[in-house]
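Assembly of the complex is requested from the two constituent chains, each provided in isolation within its own frame, with the hints serving as guidance.
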Amino acid sequence: MTKTLTHLARLEAEAIHIMREVVAEADKPVMLYSVGKDSAVMLHLARKAFYPSPPPFPLLHIDTTWKFKAMYALREKAARDAGMELLVHQNPEALARGINPFDHGSLHTDMWKTEGLKQALDEYGFDVAFGGARRDEEKSRAKERIFSFRTATHIWDPKNQRPELWSLYNARKAKAESIRVFPISNWTELDIWQYIHLENIEIVPLYFSAPRPTVTRDGMLLMVDDERFPLKDGEVPVKRSIRFRTLGCYPLTGAVESMASTLPEVIQEMLLTTTSERQGRVIDHDQAASMEKKKQEGYF
Amino acid sequence: MSDVSLHNGIYKTDKLIASDIDAYLNIHQHKSLLRFITCGSVDDGKSTLIGRLLYDSKMIFEDQLATLESDSKRMGTQGQEIDFALLVDGLAAEREQGITIDVAYRFFATEKRKFIVADCPGHEQYTRNMVTGASTADLAVILIDARKGMLVQTRRHSYLAQLLGIKNIVLAVNKMDLIAYDQAKYDAIVAEYTAFTNSIGISDFTAMPISGFKGDNITERSVHMPWYAGPPLIAHLETVALDNDADQAKPLRMPVQWVNRPNLDFRGFSGQIATGIVRPGDAIRVLPSGKTSTITKIVTLDGELSEAVAGQSVTLCFADEIDCSRGDVIAAADNPPEVSDQFESTIVWMADEALVPGRAYWLKLGTQTVSATVQSPKYTINVNNMEHMAAKTLELNAIGVAEILTDKAIVFEPYANNHVLGGYILIDKITNATVAAGMLHFSLRRAQNVHWQATDVGREAHAALKNQKPKILWFTGLSGSGKSTIANEVEKTLNLLNRHTFLLDGDNIRHGLNKDLGFTETDRIENIRRVGEVAKLMADAGLIVLTAFISPFRAERDMVRAMMPEGEFVEIFVDTPIEIAEARDVKGLYKKARAGQLKNFTGIDSPYEPPENPDIRVNTVEMSPVEAAEHIVRQLMPLK
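Chains as they are written, first to last, in this note's numbering: chain A, 1 to 300; chain B, 1 to 640.
Next up, chain B with everything else stripped away, as it sits in the complex (with noise of 0.2 Å):
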């Protein structure tokens, strides 16, 4: 069984190690690799649990042990009794409330495999914790007090593991102890689980009845439950199938982390292989180009070698000089993965800040980082009772299926069935904060239909015509800024130069194509993004478009500049101060909205980002809108 064994209260270490060290050397050589999450909240015994694990496989040292009774004594929840719970409570702030606030990873090891367990706290406030614990186990523990039975946490905890795609489940009745070990008892949680879980899809799970406090059927069958037949945890931990090896059997993918050059004669392509096997002479396809080719050889500094599965991290060669760069996923010529730019996909939300859809957020997926933006969400799923809810958008902690949408095609596989090119990440563009994690289940295929219709009088012909570069003059500024005039000043000046322009005024366009668009976050976002596009069909008939909106978010503005080619998008920032602009309030609305009667105006209750690095800056507290057009034009030359 275990290597390690409790007798007595002490330690039996393998009798190998102090015998023969080569021998035990080489057994742990060969030990496989599990990971699992462990999910309850203090009251459950979860830290109680890990720490029992920890101390029965001997990684806890005699000096850590001295800290952890002089611990147990001073703030224990045991009395005099060792409290294992204080092994696992990291951080000094943590300790002192009490609770575990983050996922804390503890390894352990046994005779056959070493452990990694992710400890996760339980509560529904931190829901975006498990499911990041939850993304790397193989293996989930749901714990469940056997003293209160099945509650509201037990649903969310397995319904997130269902949702992260862990296979192999769990419950562990702990607690046996203060319920005298009684089987009936434990008979009827086990089947009310089994009628939970057949409602939400897990097909299988495995039931065991343990005391984490006193250590019955953790390391060795508990002699208080002889009528437990089944293994006790550590074995069937040491048993259990590991995905690592289930994905060897699916068809090779390997996205591409780097390309490895060290002189002309050598070109490599770096990647953690994902899922399948490669072997020189495999026939293989590079994603999204559909290119193929031949490996040649796989390159380690151990040597070539002869086959690499699933989880190694290797360097391939190819036959064929074809583009293949960070990005591209290597495949199976045969059996290629999709590629899509829209998709449908649970996202959870990790962040304070809410979910802005339509907004532009970085999404990285294996090796690929794009732009995307994610619908109003379908629905959120209460976590609680697995119930559908309607949202506009999604909170912190909330999960919801929504559609995304990509700015280039990626290479995914739907994340049942390939984790690492299902399961994605999203990153805000000007926080740099990780927002989200999702997974995609399958795409819309719309674009795919839909093809760009190419012209044979491109947009260089218009421009040609025009005798000018064509460029969109973004104004930026606050309400009563002086956008409208300066853009104005400057279109006027233009024009007497022979310049073909258009002025695209934020008012003008609200009586229009925007009169649907209200002033919320979402409104304001797409707003901008209609308008974004209508500069862009502009800029391709050849003229010279100058906008005059508030544009707000920084985030907007960069979407515009993305779709525009390089030094197309110039920036002017018309940088007035809040109290020129309220104190000019040319349209009276500063005097509305400080009296409530507009929502959201920007400078007053929406925020206004100032953009960090303008390509102009005009200031109309030293400049009247003639000199500031001036100003900018001269910056604009030449305009050809």
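For reference, chain A alone in the conformation it holds in the complex (with noise of 0.2 Å):
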């Protein structure tokens, strides 16, 4: 009798494939973690694809100081569960000079992400590293292939790129020349949520609603999550019901308000909202096809 596979199911053996394949292929790949939920289910992958083995690679997480402290709490634990190494970078540079999502604008992300990465693919001579990103999340990601090839510098050339046929993929390369594999690349952010439900896989508790202290900047709500956060004068942050959809450096940030502070009610509120998951994020509204040119400077 023939059993069909669940969608999730054919996700799920299409992204243990992938990471398997790297693993034979490459010379020393790494994952990038960002502790938020789609790192969490790549993480999760991760050990389904090798057990009863650990994931015979590292977390490398591109540090920048301004992650929610919630993230940091959860990063070192999932690490130590998964039974695999973390590695944790921060651009030396960007901390000399007190680099910040306040005073620096885009200069912020540019030094502690799209720098800091390449920073460290390099210091460590990791040749694959995978990421997490998905190609329903923003228009050009909707060809990016699955093995995205990078120059020696880090450069990601669209017409470069190499044709991608059933499930083969080529990840031969010339020294210093590096792969990005999104092994997630087909799931969207409804089988994230869904995926994360059924496998009962932790996340970072800023998924889900609670009253926390808020301003509001530019119609956007932001979470004050330490001291750092530069008040107006005779400012109060204001206690307020929040969760988050997507988490990046919390000044950049911003939350959306809501009662859901379950898993199921999360996504039920997804499914009823009328805005995209990006939309929280400052990056993508910088220019038109902003995403675009960040990738072809080396962001992920």
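Don't read these hints as lab results, they were simulated from the structure.
As the structure is a prediction and not an experimental result, all values here were calculated from the model.
Where hints are given, some of them may not hold.
Beta-carbon label-pair distances, calculated as ranges [what the hints assert, rightly or not]:
1) 305(B) to 272(A): 56 to 66 Å
2) 353(B) to 262(A): 52 to 62 Å
3) 220(B) to 273(A): 43 to 53 Å
4) 122(A) to 26(B): 20 to 30 Å
5) 123(A) to 592(B): 51 to 61 Å
6) 200(A) to 279(B): 25 to 35 Å
7) 205(A) to 183(B): 58 to 68 Å
Derived, one-sided and incomplete: chain A residues facing chain B with beta-carbon distance under 7 Å [unchecked claim]:
8) 2
9) 4
10) 10
11) 16
12) 20
13) 24
14) 142
15) 159
16) 162
17) 163
18) 186
19) 258
20) 260
21) 262
For each residue, glycine too, the CB sits at the ideal point set by N, CA and C.
Below, the structure written as structure tokens:
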């Protein structure tokens, strides 16, 4: 009798297949770990792919020092639970110059994330880096390959990407070239939430609603996560019941007011809401094709 | 029907989401997955149709809709109405040009299924993109503009869909609103298409009249076409049979990706099951070795499974300690796939640089990677009329049928039976680019009937008698660089040292063994292949072989190196700048080449690829031939 696999079972099997191909063909792979929900799913899939062995690569967190406190807390625990080494990289130049999202605008993302990522990949000599990007996130990602090639200087050239047929991935490359691999390319935001729900995957509590101290800036609801947040004269953070649909640097991540405190409630709100996931991130609004431009410069 | 529908332009999402989210999640969790491809050009309304499918299944959020509305007014082609096509044209450059030039993947879901749409450009120059999108599709939607009827591209798209083995074909006659929903015109298009599909061997297809722009027969039956009795597009997509289900009925095949060995007590074989079902207790055979064993358990993080089916990624354990590693295929013991090294294949060329017959490329099929050469094509296929044409090579987007030879036997099945063990890619060994995709049809079996004759006096015995280690000293460099002169000096020195040598010189070989070959890229490759084989036989006889050939291509020098045991191939780069070689012009050839009397002359109108890491390099500007020879012999010591 035929047992039709569900779409989640097929997406899971595809991601596992991709991760094993990388481990079989790469010299020194690494998994980028941002502590967000997509990273949580990636880590879970990696555990499945290599069980009973632990995943045969380390986790790498490109830290900006401006993530939410709750993210730092889960980061250490998740790596420990998976039996994996956790590497943390902070761009020393950004650290020395005190680059922050309040004073430096888009330079913040550029130095901490884009430059920080390149530095870490070069420093450790990783030739393949797993990322949790999905094709449904943003228009320019819809054409992204699962194996995305970067030159020795980490440049992404949209014209020079390899065709991907069937489930065959060409992982050959010259020295110093590298590949970013996106095993969950074909997942949607709903698939991610559903999978977290089904598999009972631990995620940062910030995804669930709770009363948190907030202020509004440029129409965005921001959480005052620590004392570095520059309040205006006389401004007092307001407690609001909020949650986050996506997590990044806390001063750059907009919250939504919500009462959804369980996973099904979060999914319910997501399905009934009318704005897309990346709306909460400042990075996309800079310019029309901003994500594509960032990608060419080496941003994930 | 679908979980959303359009009512007066306002979405009515499934009531369950609001009333009972757990029940909704339970339904979503059990959806199956259909991958399909849409073929057509911008003019056929392809992007509009996909935009419509996303829009009607609420995959578009308000902020995207706001962007879409402003974009529609700024650069849309539909006046003040929403231009759905703008939803799916991704990269900035493409949006400006108004064309989609790559495969884009889109996602939407209904109550029954999740869908992944490969959105491919339709023009002939994008054949490779369509082939890429079709390789993972269960179904193809062939779009026709009802006003124009069948076009050349309709034939091309249908042929490519069939070539890639897509079993479900939907003929979507679009823009019915623009022909006043005329049934007679629709029937005529379907009749013409039926005649065409019969002629190319497509046995079945489903035709439907639609309007992507107006939404007719997309999610609901159109009120404008009561004469159409079939289902709307979405309902058809929701119920069509899945390839993944059909694969379960086939015999077990699982290419091994990775050997899982966390400790001495566990040895499992990880892979994704291509076809069939596996259960503990099943008898299996590992190919190509043919060794058999029994499955003891199917291991996953979620516990051991009582069975696993095609499509699942699992780890299998055997009862016996038999050899099994990446590239092997685990198969049903009583029904294993074939093993061969010569095939007939259809090849789709995907690179700007044309196929070089005889050149070695990497071939990746399943988890096997081997070195392979493609013979000159038997013919190429005109994708517009399916006519066969003679051809010497395959250019970008060409589709041809050719013999392909692998340097060792691989486990395969005809593509028609098994896409995982029949579909492959070719990779350029120097640039690492994916240059072609191919489908194996059958084994030519000739290799299986020519067995290697084992001889009692082997190469070690030959070498021992001569008291030396056999080697090939491969001199490469431009014409006039001094290869022959230096090789001659090296041989003289080796003879003084009582070594048994033989010098193969390019010009001399071309007088005899290779006098049928010219100087085209293909002939140059064959020239080097034969020299390599001759040198190898001589090395087997125990000789130190010196060869002096321009041998301009890295790939061919690497081919000869790969024929020899490790360390026996010594690449010697006679490094002379072209200005110096041309100034010497011992044979007067540069002068002739500059005058256009000699074609394909290396360094002038044919490239020379210098070795990246030669074993020995000599600089003939600073060294005399005798000094160069001394330098080489010093590097070769000891000689046994």
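We went through each hint and held it up to the structure:
no.	hint	verdict
1	305(B) to 272(A): 56 to 66 Å	violated (37 Å)
2	353(B) to 262(A): 52 to 62 Å	holds (57 Å)
3	220(B) to 273(A): 43 to 53 Å	violated (26 Å)
4	122(A) to 26(B): 20 to 30 Å	violated (47 Å)
5	123(A) to 592(B): 51 to 61 Å	holds (54 Å)
6	200(A) to 279(B): 25 to 35 Å	holds (27 Å)
7	205(A) to 183(B): 58 to 68 Å	holds (60 Å)
8	2	holds (5 Å)
9	4	holds (5 Å)
10	10	holds (5 Å)
11	16	holds (4 Å)
12	20	holds (4 Å)
13	24	holds (5 Å)
14	142	holds (4 Å)
15	159	violated (9 Å)
16	162	holds (4 Å)
17	163	holds (5 Å)
18	186	holds (6 Å)
19	258	violated (14 Å)
20	260	violated (10 Å)
21	262	violated (9 Å)
Going through the hint list in order, the structure does not satisfy hints 1, 3, 4, 15, 19, 20, 21.
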